[in-house]
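Visitor: Protein chains in written order, with the working numbering: chain A, 76 to 544; chain B, 7 to 104.
Do not rely on the hints blindly, as some may be mistaken.
Below, computed lysine-lysine pairings styled on DSSO-like, alpha-carbon distance capped at 27 angstroms [stated by the list, open to error]:
id: 1; chain 1: B; residue 1: Lys97; chain 2: A; residue 2: Lys474
id: 2; chain 1: B; residue 1: Lys58; chain 2: A; residue 2: Lys318
id: 3; chain 1: A; residue 1: Lys93; chain 2: A; residue 2: Lys450
id: 4; chain 1: A; residue 1: Lys450; chain 2: A; residue 2: Lys109
id: 5; chain 1: A; residue 1: Lys474; chain 2: B; residue 2: Lys58
id: 6; chain 1: A; residue 1: Lys409; chain 2: B; residue 2: Lys55
id: 7; chain 1: A; residue 1: Lys474; chain 2: B; residue 2: Lys55
id: 8; chain 1: A; residue 1: Lys541; chain 2: A; residue 2: Lys109
id: 9; chain 1: B; residue 1: Lys21; chain 2: A; residue 2: Lys450
id: 10; chain 1: A; residue 1: Lys369; chain 2: A; residue 2: Lys330
id: 11; chain 1: B; residue 1: Lys33; chain 2: A; residue 2: Lys474
id: 12; chain 1: B; residue 1: Lys58; chain 2: A; residue 2: Lys172
id: 13; chain 1: B; residue 1: Lys74; chain 2: A; residue 2: Lys474
id: 14; chain 1: A; residue 1: Lys172; chain 2: B; residue 2: Lys99
id: 15; chain 1: A; residue 1: Lys450; chain 2: B; residue 2: Lys74
id: 16; chain 1: A; residue 1: Lys409; chain 2: B; residue 2: Lys15
id: 17; chain 1: B; residue 1: Lys99; chain 2: A; residue 2: Lys409
id: 18; chain 1: B; residue 1: Lys15; chain 2: B; residue 2: Lys55
id: 19; chain 1: A; residue 1: Lys409; chain 2: A; residue 2: Lys450
id: 20; chain 1: A; residue 1: Lys102; chain 2: A; residue 2: Lys80
id: 21; chain 1: A; residue 1: Lys172; chain 2: A; residue 2: Lys362
id: 22; chain 1: A; residue 1: Lys91; chain 2: A; residue 2: Lys409
id: 23; chain 1: B; residue 1: Lys33; chain 2: A; residue 2: Lys453
id: 24; chain 1: A; residue 1: Lys450; chain 2: A; residue 2: Lys88
id: 25; chain 1: A; residue 1: Lys319; chain 2: A; residue 2: Lys348
id: 26; chain 1: A; residue 1: Lys185; chain 2: B; residue 2: Lys74
id: 27; chain 1: B; residue 1: Lys17; chain 2: A; residue 2: Lys409
id: 28; chain 1: A; residue 1: Lys367; chain 2: A; residue 2: Lys541
id: 29; chain 1: B; residue 1: Lys48; chain 2: A; residue 2: Lys348
id: 30; chain 1: A; residue 1: Lys88; chain 2: A; residue 2: Lys318
id: 31; chain 1: A; residue 1: Lys522; chain 2: A; residue 2: Lys319
id: 32; chain 1: A; residue 1: Lys409; chain 2: B; residue 2: Lys21
id: 33; chain 1: B; residue 1: Lys97; chain 2: A; residue 2: Lys409
id: 34; chain 1: A; residue 1: Lys335; chain 2: A; residue 2: Lys453
id: 35; chain 1: A; residue 1: Lys187; chain 2: A; residue 2: Lys102
id: 36; chain 1: A; residue 1: Lys474; chain 2: A; residue 2: Lys185
id: 37; chain 1: A; residue 1: Lys450; chain 2: B; residue 2: Lys17
Source of the hints: derived by calculation from the structure; they are not laboratory data.
It should be emphasised that the depicted structure is a prediction, and the values quoted were computed from it without experimental measurement.
Given next are the chains, with one letter for each unit.
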Amino acid sequence: MDLYKLTITQASKGLKEKKFSSKELTKSVLARIKSIDKLVKAYVTVDEENALHKANKADKLLMKKRADNPLVGIPFALKDNICTTDIRTTASSNVLKDYLPIFNGTVAKKLKEKNIVLLGKTNMDAWAHGSSTEASDFFTTRNPWNLGRLPGGSSGGSAASIMSDMTIGSIGTETAGSIRQPSAWCGAVGLKPTYGRVSRYGIVAMGSSLDSPGPITKTVEDAAIVLNAIAGFDPYDATSSPKKVENYTKDIGKKIKGMKIGIADMYIESSQKNIQEKIYQAIEVFKKLGAKVKNVNLVDPQYAISVYTILQRAEVSANLARFDGIRYGYGRDKFGEEAKRRIMLGTYALSTGYYDALYLKAQQIRTMIVEDFEKVFKKVDVIIGPTAPCTALPLGSSKTSPMFGEVQDILAEPSTISGLPGISIPCGFSDGLPAGLQVIGPQFSEKKIIQVAHAFEQETNYFKEKPKL
Amino acid sequence: MTNDITIEKVKYIAKLANLYISDEEAKTLSKDLSDTLDFINKIKLLNTKGLKPTSNVTGLENVFREDKVSSSLTQEQALSGVSNHYKGYFKVKAVLEE
């Protein structure tokens, strides 16, 4: 059996039943990385020695039947903007090329406490600025379905590593689309939680009022298991929610009969024909499952691009202002092209004379978009639509426009601006490339969107398709 | 182009942002920033009169913690990220001149 192919659910079961050890599982995944990461280039750093050491530790716990959670001994990859004290944390930027944090980000800390096996850190657009992984200061990650295509981004390394079976579980972060879009392009499951559900502490900040870390996994159930481990209030993140954490696996397998699912034409029409086709097929699947599909009206997502661009770049310029090379990292001369472009626009938008016309106005439209969703969620339980406007684009595509990322993420921006959770799942293939469907719900409705996504996943079985590498 | 961010303006913003921008980069940035501004100016078409701005979607206000001393970084830890320190202090460029 090729252990590296397992999902978290399968691996966890095998470990508990002593069919294999965490060390065997970890070795299998490390061998997989060795054989194909030279093609996919998903990892910035792989720490074999540390991983095997952690696997041994997990095996001891499993032996003594002291594994108290399903993640004990499970190999994981973390996006390289999540601080880890044992592996350098670069945000794929030359400024942080050699940065070894002195603390763990809360997500990393929580997973380590669950005794995961940390394999390494995955590539991303530098500072999470982009939707291609081409803006990494180091190298471009490839799409496992077609090595001439982009994996999406910014969590491109996490999505590519999970779909090429170079890890069992992975974590990405999203500001707008950075979990969902690479998941869609790589055929993975990507869950962007409600803003504030998962702590941002120890994650290299991009847009502080938007950033949300979350799982990128092989199945919906795996995403729910990981969310159970990382969700919750954190005193180190003042915007993390004190709301009680639910058991996100609880409604998995429950029927969705009678569930009200909204579709917005404007969203579907914002995607290319081949994607639209898949979404219309998906709607039929949901009807077959007994859901009630209703048309809803939402503000044109075109406006969300502008609002998101202004807010994000303003927040970027404030966050990156702290990188001075005095306390850690290298100096500001090491910023790449994309980071400079974003800092510059953000600085401009916040400067005297433009603040009211740009930043304040964008914040007002943010209110409009928040209220728009609130209104719609009085009528429907969830909204479904395409995750991204197209399937994975060829290498080099991000260089064509200074707003490539923002335009690619048009379908994630309105929901992220409103702090809503969303999950992307594969909904078919077009020319051998996966297409993504997203399920969006009201704030803190993770349990429900997981239930809906799981029902679709089990009915369609697209998740069983794997790239040939 | 409606929003001409001139090369001079680019250099001024770069100064505000403490970034070094070469003449070549200034040229490219002038075009990129102007293009982006043209795009985002779409928001001017929407009427936002009377709408309150949203800076945060959590609904949380005034988040405080108990005023209790807890452990923090040691001096050694705090300095571990740089080679450039002096007698337990971070070294910075001179701010004041004689």
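Visitor: Against this structure, judge whether each hint is valid.
Guide: A quick look at each hint next to the structure:
no., hint, verdict
1, Lys97/B with Lys474/A, "violated (38 angstroms)"
2, Lys58/B with Lys318/A, "holds (25 angstroms)"
3, Lys93/A with Lys450/A, "violated (51 angstroms)"
4, Lys450/A with Lys109/A, "violated (50 angstroms)"
5, Lys474/A with Lys58/B, "violated (37 angstroms)"
6, Lys409/A with Lys55/B, "violated (42 angstroms)"
7, Lys474/A with Lys55/B, "violated (37 angstroms)"
8, Lys541/A with Lys109/A, "holds (19 angstroms)"
9, Lys21/B with Lys450/A, "violated (44 angstroms)"
10, Lys369/A with Lys330/A, "holds (18 angstroms)"
11, Lys33/B with Lys474/A, "holds (17 angstroms)"
12, Lys58/B with Lys172/A, "violated (41 angstroms)"
13, Lys74/B with Lys474/A, "violated (50 angstroms)"
14, Lys172/A with Lys99/B, "holds (22 angstroms)"
15, Lys450/A with Lys74/B, "violated (42 angstroms)"
16, Lys409/A with Lys15/B, "holds (22 angstroms)"
17, Lys99/B with Lys409/A, "holds (18 angstroms)"
18, Lys15/B with Lys55/B, "violated (30 angstroms)"
19, Lys409/A with Lys450/A, "violated (45 angstroms)"
20, Lys102/A with Lys80/A, "holds (13 angstroms)"
21, Lys172/A with Lys362/A, "violated (50 angstroms)"
22, Lys91/A with Lys409/A, "violated (47 angstroms)"
23, Lys33/B with Lys453/A, "violated (50 angstroms)"
24, Lys450/A with Lys88/A, "violated (43 angstroms)"
25, Lys319/A with Lys348/A, "violated (42 angstroms)"
26, Lys185/A with Lys74/B, "holds (23 angstroms)"
27, Lys17/B with Lys409/A, "holds (18 angstroms)"
28, Lys367/A with Lys541/A, "violated (31 angstroms)"
29, Lys48/B with Lys348/A, "holds (26 angstroms)"
30, Lys88/A with Lys318/A, "violated (31 angstroms)"
31, Lys522/A with Lys319/A, "holds (13 angstroms)"
32, Lys409/A with Lys21/B, "holds (16 angstroms)"
33, Lys97/B with Lys409/A, "holds (19 angstroms)"
34, Lys335/A with Lys453/A, "holds (10 angstroms)"
35, Lys187/A with Lys102/A, "holds (19 angstroms)"
36, Lys474/A with Lys185/A, "violated (37 angstroms)"
37, Lys450/A with Lys17/B, "violated (45 angstroms)"
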